Every structure is written in C-alpha cells, then in structure tokens.
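Enquirer: Letter by letter, the chains look like this.
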Amino acid sequence: DAGVIQSPRHEVTEMGQEVTLRCKPISGHNSLFWYRQTMMRGLELLIYFNNNVPIDDSGMPEDRFSAKMPNASFSTLKIQPSEPRDSAVYFCARQPVGAQHFGDGTRLSIL
Amino acid sequence: DQQVKQNSPSLSVQEGRISILNCDYTNSMFDYFLWYKKYPAEGPTFLISISSIKDKNEDGRFTVFLNKSAKHLSLHIVPSQPGDSAVYFCAATPSAGYALNFGKGTSLLVTP
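If you read the sequences in order, they're chains W and U. In terms of the working numbering, the first sequence opens at residue 1 and continues consecutively. In terms of the working numbering, the second sequence opens at residue 1001 and continues consecutively.
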C-alpha cells in the first residue's frame, strides 16, 4: 500500500466537459507529485507541491490544466475544457523521504 | 527530449536465470536513480534506488549498478521468478525531493 488514494479510477467523458481528478495521500509526506502516462510520451511530470505549495508546474500542458493542494491530505487536478488528447493515465505520488510512492492512477478517456 | 532512455521495450527470460534491464541518461546533473516496477492497472511500485556516490546497491534478488562516467545504470534480478513479470521503469532526478524523469519502461516476461 503506497498510501495514496486516487479517485475516480476511471473516467469517461465527452470533450469540452470539466474533469476533476482527486488524490488523497496519507499524512507524513513533504512533497506531492502529479504525473501523466501516455503511450507516446511515457510518464511525465505535470506539477509538484512541497508543503502544499506549487513548486514546479512547467509540465502542465496549458491553461486548461490546473492543480490545487488545499491541505496536506488532499489535492485535485482539473482539466477544463477537456480534449481527446488529454486521454491518459494520471498518477499522483507522495514523497515522505527518499522514493516517491504512487497511487493506482486515474484512467481518463475523453471522447 | 527524453533524458532517460530504456532502449529495450521488452525482455524475455527463463525462470531461475538472470534478468538484466538497462537504462541510459543524458543529464549529468542527475544524482539519484530509482527503479520502479509496474503491474497493469496499478501504480508504479518503488523497487530499489542508488545515489551517485555509490556504484552498486543490493536488496535481496535485486541489484542496481551505476556507471556515472558512461551515464548508464542497470538492474539485475537473480534468480528471476514468474512474479517478476511486469514493466520496469528507470527514473532519475538531480536530488531526492525533486521530480522524477522516467524512461519509457521495459516489459519483462519471466517464463517458467
């Protein structure tokens, strides 16, 4: 158990709709990361937080993507409006010390 | 620009033999290296890591070797078991606490 709960596990929606992905890490971490996995680009960083503050959002594709971390136990990744090219598996990872520990991801399909 | 490369998309090994997975990187600032294992429909699971001050780290059946001058690391699994069948990702970062740069993975199949 990596101590990271992601919801929903699967999301299918039509393009143009708003999508919100959720991540609940157990306490005791310093940093939280959002990654996206696609066939073409593999696993790539979107954004990460340190002590709930966004540190590096250079991987966020465009303004349609936004992420928040209102407290140490909750983070959201929002896409508005969604597009078919956003279809991917989105992972959240926490980092207490040393290695990052991943949730099981959200498989997002935009039709 | 892929800074971490795993040039073998797949590898098949017989049970009991050694599995060797390779990884190359281009960024000389990378100082901390990790291997993750991933089963379908699950997140990557941390396997083993190594910092640049070492050239070898061992944990049970898993050993990671680092050659900084060649910018190359490898993961050895011995003996390989069918349960090791998974996708293995190599990752690198300038320091623990920073974002990871991942390779595209190598799919390992261990056959009985």
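Simulated from the structure, these hints should not be mistaken for laboratory data. Please read all numbers here as calculations on a predicted model, not as lab measurements. Cβ coordinates follow ideal geometry from the N, Cα and C atoms, glycine included. There may be inaccurate statements among the hints.
Said to hold, decoys possible - Computed from the model, here is a short list of chain U residues facing chain W with C-beta under 7 angstroms: (1) P1009; (2) L1034; (3) G1043; (4) F1046; (5) S1049; (6) P1094; (7) F1102; (8) K1104.
Enquirer: Each of the hints needs a verdict: does it hold here or not?
Expert: Status of each hint after checking the structure:
1. P1009: 11 angstroms, violated
2. L1034: 6 angstroms, holds
3. G1043: 3 angstroms, holds
4. F1046: 4 angstroms, holds
5. S1049: 6 angstroms, holds
6. P1094: Not OK, violated: P1094(U) not within 7 angstroms of chain W, min 12 angstroms.
7. F1102: With a closest approach of 4 angstroms, the F1102(U) hint holds.
8. K1104: 4 angstroms, holds
When held up to the earlier numbered hints, the structure conflicts with 1, 6 and fits the remainder.
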